[in-house]
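Visitor: All chains, full assembly: derive it from the sequences and hints.
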Amino acid sequence: MKHVYLHRALCASLAALTLLSSTPSAFAADFTGGFTASLTATVSGVVIADGDYQVGLYDDQSMGWNIQYGSTENDKAHMVVDWMNMEKHEIFRVINRGNGLISIHPLHALDLCLNAQYGAACEKASDVILHNYEDGDAASLWQPIDNGDGSYTLKNAACGYVIDLNCGNYSIGNNFLLWDQTGVDFIQSFYFMPVGVQPSGIADGDYQIGLYNDQSLGWNIQYASTEIDEAHMVVDGLNMESNEIFRVVNRGNGLISIHPLHALDLCLNAQYGAACEKGSDVILHNYEDGDTASLWQPIRHADGSYTLKNAACNYVIDLNHGNYSVGNNFLLWSHSTAIYIQSFYFMPVDSAPSNPGNPSVSDRQQRMVDVALSYLGNTGYNGYCQKFVRVVGEKIGLPSGGAPTALDACDWWRVSTSMDNIPVGATVYLRSKKRSSLGYKYGHVGIYIGNGQVVHAQETVKQSSLSSMLNSYDYLGWGWQAGVDLR
1 MKHVYLHRAL CASLAALTLL SSTPSAFAAD FTGGFTASLT ATVSGVVIAD
51 GDYQVGLYDD QSMGWNIQYG STENDKAHMV VDWMNMEKHE IFRVINRGNG
101 LISIHPLHAL DLCLNAQYGA ACEKASDVIL HNYEDGDAAS LWQPIDNGDG
151 SYTLKNAACG YVIDLNCGNY SIGNNFLLWD QTGVDFIQSF YFMPVGVQPS
201 GIADGDYQIG LYNDQSLGWN IQYASTEIDE AHMVVDGLNM ESNEIFRVVN
251 RGNGLISIHP LHALDLCLNA QYGAACEKGS DVILHNYEDG DTASLWQPIR
301 HADGSYTLKN AACNYVIDLN HGNYSVGNNF LLWSHSTAIY IQSFYFMPVD
351 SAPSNPGNPS VSDRQQRMVD VALSYLGNTG YNGYCQKFVR VVGEKIGLPS
401 GGAPTALDAC DWWRVSTSMD NIPVGATVYL RSKKRSSLGY KYGHVGIYIG
451 NGQVVHAQET VKQSSLSSML NSYDYLGWGW QAGVDLR
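Position one of the sequence shown corresponds to residue 1 (our numbering), numbered consecutively onward.
The hints are simulated quantities; they were obtained by calculation from the structure and are not laboratory data. Possibly wrong hints are sitting among the right ones.
[Claimed, not checked] Straight line, CA to CA, 27 Å or less: simulated DSSO-like cross-link-like pairs of lysine-lysine:
1. 88 - 76
2. 88 - 278
3. 395 - 462
4. 441 - 462
5. 433 - 395
6. 462 - 433
7. 395 - 434
If you're wondering where the values come from, they're calculated on a predicted model, not measured in any experiment.
Guide: Quick look at the structure:
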């Protein structure tokens, strides 16, 4: 659940910078494409783990950091906003350098790193640039400040300024600069999204795929056709027919294939791959390993919807002219900000059997309830609903799970979309009915304590009936914190 938070906790001291001059070199690049890391051990102070990341904007993680034009010019190359397309100049390698500090290297030029030019003498509002990494150069070191909701603010170790999105403008090509830390999330907070580690964000499974402004309508393979390179997708009312249920299969590197349930050997495809013409229909084709025309990158938005970008041609699935009429077709088009045309909700098809009766509550379920109730009235989790659930889970010995938001937790750990027989101690997932000023619907999560009651964090931790919560939220389902069944 995302808000503009008032509280900011700095997580690491910069007092020991003098030790950095003795730190050995942390990496050696092999410019034929290999890379080996010889990292200095960091026993404590690691906030963001070593690894490769795309770095998304706070209110729209389909957009993020990009080294403009893939430049490698020392002290010239700088960072701008762009769509996330898994290109090397928008993937960044994080290396922990000790004392809670990191260096950040674009994958296309690993000998360079993000830098505050002139270090301590850096001028406020200077661009974030690339510079050769040198041990002991504090201008190339950053303190990641954990904001508690999975996002991070990056403070430069030399000048104390943070990375800031110029004027808060999410337009493609807008630049990032160095500015005083203000605590305004959508300008100075970013999500580090692991590359090659995290799944696509959509779990393997069967889904109906609803339109952005009306989820009673969605994707349908017209006439349940199985004709290769001819069958295509249209809008229809969702009736649980096999030609409007789609199986998602994660294929690695954040890519998925999408198969209609009535013809699982076929999948959604961009005909002719990289040579696909803009405006072409989305068709069905035989799935073949290595055929990128049959692979899609799900781009997740803050409200839980997804845009689907083809891995071969980079066009996205688009509702023709934004027309929600039954029978209108879907085509491939350039990625735009028209979210109601190019964003869709993946709604799991609940094939799990019902669990009738009222099963006894286990010790772990009861402890989850008792700990949750012990936080009633606590004001320290305003805007941090998933963090509250995580902390309660950790108190009874559950792993943290790593979900930064309620919608991520729902995507990863939801068990059922039914409101019948929700287990005591389970987590319930919801999405706001109203949109924010930026047009997004935000997620919410709480702990089900039985008898229709939920403990959840808003302004304070409080107990509410699930039925009353549904006045403000749509119900998404229930699951288990960190995926651990407490029964």
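Visitor: Give a verdict on every hint.
Guide: We went through each hint and held it up to the structure:
| no. | hint | result |
| --- | --- | --- |
| 1 | 88 - 76 | holds, 18 Å |
| 2 | 88 - 278 | holds, 24 Å |
| 3 | 395 - 462 | holds, 18 Å |
| 4 | 441 - 462 | holds, 22 Å |
| 5 | 433 - 395 | violated, 32 Å |
| 6 | 462 - 433 | holds, 20 Å |
| 7 | 395 - 434 | violated, 33 Å |
Taken one by one, the earlier hints fail for this structure at numbers 5, 7, listed in ascending order.
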